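Participant: Now for the letters of each chain:
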Amino acid sequence: MRLPTILRSLFYTLARKTELNADLDAELESYVELLAAEKEAGGMPPAEALRQAKRELGGVEQVKAEVHDRRVGASLDSLLQDIRFASRQLRRNPGFAAVAIATLALGIGANTAVFSVVSAVLLRPLPYAEEDRVVAVWNTHVEGQLGLSEQEYNAYEELPQFDALGVYVSGSLALSGTGEAERLSGIFADATVLETIGAPAIAGRAYSADEDVPGVEMVVLISESLWERRFGREQDVLGRALTLNGVPRTVVGVTPTGFRLPGGFSGPAPDFIAPLRLDRAAPDPRNIHYLNAIGRMAPGVTVGQASAALDAAAGRMKEQLGTLPETFSALAVPVRDEVVGGVRTALLILLGAVTLVLLVACVNLANLLLARSDTRIREMAVRTSLGAGRRRIARQLCTETSVLAVGGGIAGLLAGMAGARALATLSPPGIPRLDGSGVDVRVFFFCLVATLLTALVIGLVPALRLMRSEPGDALRGARSSPGGRDGVRARRGLVTAQVALATMLAIGAGLLARSLAELRSVDPGFEPAGVLTFQLSLPASEYPGASDVRAYFERFETTLIAVPGIEAAGATTSLPLASGIGDWGVRIRGRGPDGLGERGPAPDWMVVTPGYFDAMGIPVVEGRTYDRSDVADGFQTVVISREFARRHWPAGDALGAEIRMSTNIDTLWRTVVGVVADVHQTSLEEVPRPAMYLPHTQFPSTTTDVVVGQMTLAVRTGPDQAASLATTVRAIASDLDSDVPVADVRTMREVTRDATASHTFQGLLFTGFAGLALVLVVVGVYGVTSYLVARRTREIGIRIALGASPGGVRSLVMREGALVTGVGLALGIAGAWMLSRLMAGTLYGVTARDPITFVAVPVVLSITVLFAVAIPATRAARVDPQEALRAE
Amino acid sequence: MAVQTDLVRGTLDMLILKTLSLQRLHGLGISRRMEQITDGTFQVKPGSLFPALHRLEQDGWISGSWGESENKRRAKFYELTSAGRSRLGEERANWTLALQAINKILEAT
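Protein sequence lines, in the order shown, are assigned to chains C and Z.
In the working numbering, each residue's number is its place in the first sequence (first place is 1) plus 1.
In the working numbering, each residue's number is its place in the second sequence (first place is 1) plus 93.
Only chain Z is shown next, with the shape it has when bound in the complex:
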């Protein structure tokens, strides 16, 4: 099942950071990687992906540079900065906290 990225809008930034924490990727690479990890549950459309990438780059969490793809094409690659790494930690902590809270509500009897 494909989940609309709208539903996880707030978490898209975090997912991108997480994905980039594993390796340096270009735009298409990021969405493919996310699809792959989630077995196709998350499909990130360019209309959501690029605004998020550019904002993250402006905020200094990731940095982009032009490079060459596996099949020798020019592509813009993004990687996590050290600020981005600590940012990811924060987001993760928040997320866990929120998740626990939500679960408590859902499991309340």
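One chain only, chain C, in its complex shape:
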């Protein structure tokens, strides 16, 4: 049959159904009449003839059903019929429908919301052309990853495995001259980077390699958002010179909003991209590893091949320079791993957790439907005896659950949209690519699949159960048959599964909560209460020499101290838990040769002003900190951290020791004048590394050309007054020099809170999910126990009549509840024992198999669940035997 014919018939079947059915009725009637007439003609009395004719026809309804089933589009027709019927059934029982849809909406909604984040962060394509070929290139050594040096860049770029290899560093520029001064954060990148990622400018053009060399006119690309914010999208900004760090730079183009480099997906998008202007012919001989690298592999080259080539090149560098560590190597990282590798596990764990919640919700619903199917077993039996096929009935039941699931799915999609927005707003800083998350086609599809699977899971159990029931039994056995042994077993199994799932979730939440508590109890090494911080960057054009910079910061600090309520003020180049920090090799006088190959101490280093330690509340362990007497041409001093002292002066004789930095800008021997407490510079999780604090008043000692002009100021005031200082600070800044922008104003409390934000967030979500699951479990356990008690009312009545004590009856019910709970708990603990390993990477201070959690959580859980059992158990104990026996 051709398609048009099928469609015509289909239309015919559906549109003219009433007519067709009337026709069929008439036809069957005439059949009986003809048959009866035939029998009459054979000599039978009319009444008997009619009776026999009817019998020969068989069930009219059955014949009609079979005709319906063979019609074109019969399945579609019966589907519509099922849906109408299902809706009617649900409308008749709105309470049930509401509970079911709400449960599903929670489960599906939570899944949709979490998946929207997973989709945006992990699945969305990166804004790079031919993403598969783009890699980040890193040097590695035993302590971790390292950027590239200029010499290494020159060497690696030669490799035939790369079509292009570019380098960049992040940095900032002070924009002045048009309105309020503003500190812009952005990227200094060589022209190859733009070529590598293939991101075209949306207005103007990208800069070329000719503009990326020292000595030519300076150009800059600005971001779309800066273009909009500062210049109202005017076209004439192109070609205009902006005053950046006091120097004019010509705007040549505008980068699109999505433009990001691999390291920059979690923060705000860069405001500008400017040429790096490396002198390729004369790479810096100090071999400082400060460059981030991104490369485009040649077609057909795998990441493994690129890494192998880089490893070989790194080996040649090691030989050539002789100063690199023994474990020095280099590798290529697929750009997607580089961008999202850090959060992938945490997100997938979260997705796993929320899937468990949906499963628990499904189990609850399956249980509810099972209970309903018991009450409907007779209805189904009647339908079966009247000629409905089992398959048809099963389909009818599946349609009902599907209608529920679709209702839940729609509600879940709405809930998921709200949830996705909430997640995007509440989520901690540091999750890359969260902007632009929301419900897109992929998320919608996920929601759809989740809904369909849900329908399948919740519909299967009751449908199988009804299919297996014998209509005869159901009709005859009336009361005792529904919920026979099968039903009870299925129900117990479901509750056990539910308890097990919830146990796994609760243990996961417990581990995260313990981890968070551990993290919160870490002493950061400073006192965050009452400290306001902000960044100042002095344009080199206005502050060319070290003395200008020092004078500015000294004046700023003196002015601040004069403000009533301000107790201390000081500046640093690396604010703890906020800015990055680097290490620098040093020599200790009187120890070892100056051979760099044998790595000497390499403490983290930063430059601070005298007031810094007081402002941050970093305790002095021994000796002193800086004061204004540590002048540039005076006695050269240094303050070190306790860890530095412990490692290299285990005898406690650090004070008075002399150290020198391995650099030609600071070559004088410095005397250790103080030891301060260890500060968590990069994160609360990591053990503080050795650190040294160089005095801003003296560093660098050898030259006054190198200036430290970008620092973060910390101001200490009363515990609750930090936030209100912001206006004062801005006023002072604009008073001193209105071209120096104040940026990144935050209290130290906010900084530390951000440092634990991702743990808090993960912990809260997990706890929320576990709580949700627990509520569902309590409802489920309560429901099933109540059901079992109701079923056994008669038995319990007999027991009591025969002398069982109420206590005995209660413990009988409790025992059963305890058994189900116990088995579920055991399974859950076993599951968590196996799965918690996956979480190990996101935990701090507790192991993935933390014994306290594995004991405490199940105990709390079992107490909660047994409460849910206790209520129906108590009800069972109060059964009045006379009533119970009469009822039957």
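Among the hints, erroneous ones may be present.
What the hints assert, rightly or not - Stretches of chain C that chain Z covers, calculated by requiring three or more beta carbons in the stretch to come under 8 Å of a beta carbon on chain Z: (1) 54-63; (2) 333-341.
Unchecked claim - Below, computed lysine-lysine pairings styled on DSS-like, alpha-carbon distance capped at 25 Å: (3) Z/K197 x Z/K138; (4) C/K40 x Z/K165; (5) C/K65 x C/K55; (6) Z/K169 x C/K18; (7) C/K55 x Z/K169; (8) Z/K169 x Z/K138; (9) Z/K138 x Z/K165; (10) Z/K138 x C/K65; (11) C/K65 x C/K40; (12) Z/K138 x Z/K111; (13) Z/K197 x C/K55; (14) C/K65 x C/K18; (15) C/K55 x C/K40; (16) Z/K169 x C/K40; (17) Z/K138 x C/K40; (18) Z/K197 x C/K65; (19) Z/K138 x C/K55.
Claimed, not checked - Label pairs and their computed distance ranges (CB to CB): (20) Z/G182 x C/T19: 34 to 42 Å; (21) Z/N187 x C/T19: 35 to 43 Å; (22) C/M835 x Z/A201: 54 to 62 Å; (23) C/I84 x Z/A201: 50 to 58 Å.
Note that these hints are calculated values from the structure, not bench results.
Remember, it's a predicted structure, so these values are computed and weren't measured experimentally.
Each residue gets a CB set at the ideal place from its N, CA and C atoms; glycine is no exception.
Could you slot chain Z onto chain C? The hints should help.
Facilitator: Using the frame of chain C, we list chain Z on its own:
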């Protein structure tokens, strides 16, 4: 001997088409005619007959119309359409082919 129509389910459509190719008949007429031709071997029950008739009608092989029976009763009569006639030819050819194949297997030594 009466053969259960189940056994020849696949062939019922063809037999109906064949029966109708001889003359226009109503439902009961079709089953009586088939019984008569096969000397009572095939008895078509209404539960098989009507679904088959309605499907054939929907597919356009036969068409039904209300008319009057020999004994002046209203009945729905079916007749073969031209599409049905060629369909019968096809089915017949297939059937012969299948029959030959089956016989070959049964007669194989």
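Participant: Please go over all the hints and tell whether each is borne out by the structure.
Facilitator: Evaluation of the provided hints:
A stretch counts as covered by a chain when three or more of its residues have a beta carbon under 8 Å from one of that chain; for the segment 54-63 of chain C and chain Z the count is 4, and the coverage holds. Here the segment 333-341 of chain C counts 0 residues with a CB under 8 Å from a CB of chain Z, which misses the bar of 3, and the coverage is violated. Annotation: proposed proximity of Z/K197 to Z/K138 is violated, straight-line Cα distance about 32 Å (limit 25 Å). Between C/K40 and Z/K165 the alpha-carbon distance is near 16 Å, which keeps this suggested pair within the 25 Å criterion.
Distance hint between C/K65 and C/K55 is fulfilled; the C-alpha atoms sit about 14 Å from each other, no more than 25 Å. With a CA separation close to 18 Å, the supplied pair Z/K169 and C/K18 stays within the 25 Å bound. About 18 Å separates the Cα atoms of C/K55 and Z/K169, which keeps this hinted pair within 25 Å; it holds. Distance restraint check for Z/K169 and Z/K138: the Cα-Cα separation of roughly 17 Å lies within the 25 Å cut-off, and the hinted pair is therefore satisfied.
With a C-alpha separation of about 24 Å, the suggested pairing of Z/K138 with Z/K165 holds against the 25 Å cut-off. Distance hint between Z/K138 and C/K65 is fulfilled; the C-alpha atoms sit about 13 Å from each other, no more than 25 Å. Distance restraint check for C/K65 and C/K40: the Cα-Cα separation of roughly 24 Å lies within the 25 Å cut-off, and the hinted pair is therefore satisfied. Annotation: proposed proximity of Z/K138 to Z/K111 holds, straight-line Cα distance about 18 Å (limit 25 Å).
Restraint check for Z/K197 and C/K55: not satisfied, since their Cα atoms lie roughly 44 Å apart, outside the 25 Å limit. Only pairs whose Cα atoms come within 25 Å are accepted, and C/K65 paired with C/K18 is accepted, the gap being roughly 13 Å. Annotation: proposed proximity of C/K55 to C/K40 holds, straight-line Cα distance about 12 Å (limit 25 Å). For the hint linking Z/K169 to C/K40, the alpha-carbon distance of about 20 Å falls within 25 Å, and the restraint holds.
Restraint check: the Cα-Cα separation between Z/K138 and C/K40 comes to about 17 Å, which is no more than 25 Å; the hinted pair holds. Of the pairs offered as hints, the one joining Z/K197 and C/K65 is violated, with about 41 Å between alpha carbons and a cut-off of 25 Å exceeded. With a C-alpha separation of about 12 Å, the suggested pairing of Z/K138 with C/K55 holds against the 25 Å cut-off. Checked against the given bound of 34 to 42 Å, the beta carbons of Z/G182 and C/T19, roughly 36 Å apart, stay inside it.
At roughly 37 Å, the beta-carbon separation of Z/N187 and C/T19 lies within the given 35 to 43 Å, and the hint holds. Range check, C/M835 to Z/A201: Cβ separation about 59 Å, and the 54 to 62 Å hint holds. The hinted window of 50 to 58 Å between C/I84 and Z/A201 holds, with their beta carbons roughly 53 Å apart.
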